[in-house]
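Asker: These are the residues of each chain, in order.
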Amino acid sequence: MVVQKEITIGPFKKGFHLITRIIEQNLENPPEKGILNIHLKHTSAGLCLNENADPSVRYGFNSFISKLVPENDPCFTHILEGADDMPAHIKSGIFGQTLNIPITNYRLNLGTWQGIYFCEFRNYGGTRELVLTIIE
Amino acid sequence: MVVQKEITIGPFKKGFHLITRIIEQNLENPPEKGILNIHLKHTSAGLCLNENADPSVRYGFNSFISKLVPENDPCFTHILEGADDMPAHIKSGIFGQTLNIPITNYRLNLGTWQGIYFCEFRNYGGTRELVLTIIE
Amino acid sequence: MVVQKEITIGPFKKGFHLITRIIEQNLENPPEKGILNIHLKHTSAGLCLNENADPSVRYGFNSFISKLVPENDPCFTHILEGADDMPAHIKSGIFGQTLNIPITNYRLNLGTWQGIYFCEFRNYGGTRELVLTIIE
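Residue numbers (my numbering), protein chains in the order written: chain A, 311 to 446; chain B, 311 to 446; chain C, 311 to 446.
Honestly, the hints are just simulated from the structure, not real lab data.
Model, not experiment: these values are computed from the prediction.
Any given hint could turn out to be false.
Claimed, not checked - BS3-like, lysine-lysine: derived pairs with alpha carbons at most 27 Å apart:
{"#": "1", "chain 1": "A", "residue 1": "Lys315", "chain 2": "B", "residue 2": "Lys343"}
{"#": "2", "chain 1": "B", "residue 1": "Lys377", "chain 2": "C", "residue 2": "Lys401"}
{"#": "3", "chain 1": "A", "residue 1": "Lys323", "chain 2": "A", "residue 2": "Lys401"}
{"#": "4", "chain 1": "B", "residue 1": "Lys401", "chain 2": "B", "residue 2": "Lys343"}
{"#": "5", "chain 1": "C", "residue 1": "Lys401", "chain 2": "B", "residue 2": "Lys324"}
{"#": "6", "chain 1": "B", "residue 1": "Lys401", "chain 2": "A", "residue 2": "Lys377"}
{"#": "7", "chain 1": "A", "residue 1": "Lys401", "chain 2": "B", "residue 2": "Lys351"}
{"#": "8", "chain 1": "C", "residue 1": "Lys343", "chain 2": "C", "residue 2": "Lys315"}
{"#": "9", "chain 1": "B", "residue 1": "Lys401", "chain 2": "C", "residue 2": "Lys377"}
{"#": "10", "chain 1": "A", "residue 1": "Lys401", "chain 2": "B", "residue 2": "Lys377"}
To be verified - Here chain C is said to cover these stretches of chain A; the calculated rule only asks that three of the stretch's residues, wherever they fall, bring their Cβ under 8 Å from a Cβ of chain C:
{"#": "11", "region": "340-350"}
{"#": "12", "region": "393-399"}
{"#": "13", "region": "408-417"}
{"#": "14", "region": "421-427"}
Glycine included, each C-beta is placed from N, C-alpha and C at the ideal position.
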């Protein structure tokens, strides 16, 4: 059986944001066992799982990734949408836009320290759309 | 229900290529709701979702990633298959070889700007095999 | 139908390790067709698919990725758990913690050269928990 729902989140400022609660609150009657597919319908933001306790982990992610994929790299020619646009596409390609999380005993089966990060790579990304699909 | 099909694509030259149409044309009777798993059976190429309109985004990806993971890095000892081989494995690990895309109303539920990229990381990668699995 | 099982692996030393056999041995009666979701419940290790024959590929991965995401980067402020901790979180974000592999004819449908890598990014990561979910 497949249950599906679309939600809108944000806007969030540039950086990594914990959205585990937002996702959990949008799951109506999750099954005993299954998979939740979370798909972000954008190419300049991303999704990943990471440490859910210390905000300095999320700050470190943003600083490091911004240095790894810098603005104004000479090999970027797609520049009309701003200096933050092409790095955002590349970061989005590296992190990906889809998560697939197991559901066990009617809950997301995340590790103790795992949270769902929404990664906003644009300076002004606006609201973002997610598709939540449960396979049971 | 699970529907599965294997297809062969390419050869493509080194770089990032839009294959959304190829994938869509190979989906026979997609369900009203479900998930499409696209799995690439190779370790020197990848799959990702990204901007589907301006080819300069795909050129920028190739230039930047080739610089991020350069050939002839002194830490590579697996070199018998050519200088492009080990960087191809690492890029393939970073981008991944599998996509999981929701299906809604009998179509892939991609964002307006999302296209499916096939990422060829070898100079002469040859044809490549994909497994398409629909869960409905 | 959904079949689910949790397993513990390791401890493994820092680096990339082939665990295809461990996963296959834990699949009881895989279906004719389906998807296997492998989810790692940790944020300082990862999973990916890559070359399964030459160990020097796995050594090259470890050397290169350790250089790409170095310890003691000045932008890391989350440092109480050791110099290897924050790089481990970032590598885990880049590689991801979940794989979704098609099952065909009662077996994982991997390419000839594809193996499942467990990526230990901590110096002393200890044992690690995986959730195996088969959708058929």
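Asker: All hints are to be evaluated individually against the structure, with a verdict given for each.
Answerer: The hints, checked one at a time:
Of the supplied pair hints, the one linking Lys315 of chain A and Lys343 of chain B holds, its CA atoms being roughly 11 Å apart against a limit of 27 Å. Distance check on the hinted pair: Lys377 of chain B and Lys401 of chain C sit about 19 Å apart at the alpha-carbon level, within 27 Å; holds. The hinted pair formed by Lys323 of chain A and Lys401 of chain A meets the criterion: a straight-line CA distance of about 16 Å does not exceed 27 Å. Between Lys401 of chain B and Lys343 of chain B the alpha-carbon distance is near 32 Å, which puts this suggested pair outside the 27 Å criterion.
A threshold of 27 Å between alpha carbons decides the hint, and for Lys401 of chain C with Lys324 of chain B the separation of about 25 Å falls inside it, so the pair holds. This hinted pair checks out: Lys401 of chain B and Lys377 of chain A have alpha carbons roughly 19 Å apart, not beyond 27 Å. Proposed proximity of Lys401 of chain A and Lys351 of chain B is supported: the alpha carbons are some 24 Å apart, at most 27 Å. Between Lys343 of chain C and Lys315 of chain C the alpha-carbon distance is near 18 Å, which keeps this suggested pair within the 27 Å criterion.
With a C-alpha separation of about 15 Å, the suggested pair Lys401 of chain B and Lys377 of chain C falls inside the 27 Å cut-off, and the hint holds. For the suggested pair Lys401 of chain A and Lys377 of chain B, the alpha carbons sit about 15 Å apart, so the restraint of at most 27 Å is met. Restraint check on the region 340-350 of chain A versus chain C: 4 residues with Cβ-Cβ distances below 8 Å, three needed, restraint holds. For the region 393-399 of chain A, the stated coverage by chain C is not satisfied: 0 residues place a CB nearer than 8 Å to a CB of that chain, which falls below the threshold of 3.
Residue count for the region 408-417 of chain A with a Cβ under 8 Å from a Cβ of chain C: 5. That meets the three needed, and the coverage hint holds. Counting residues of the region 421-427 of chain A whose beta-carbon sits less than 8 Å from any beta-carbon of chain C gives 5, enough to reach three: the coverage restraint holds.
In this structure, the earlier hints numbered 4, 12 are contradicted, and the remaining ones agree with it.
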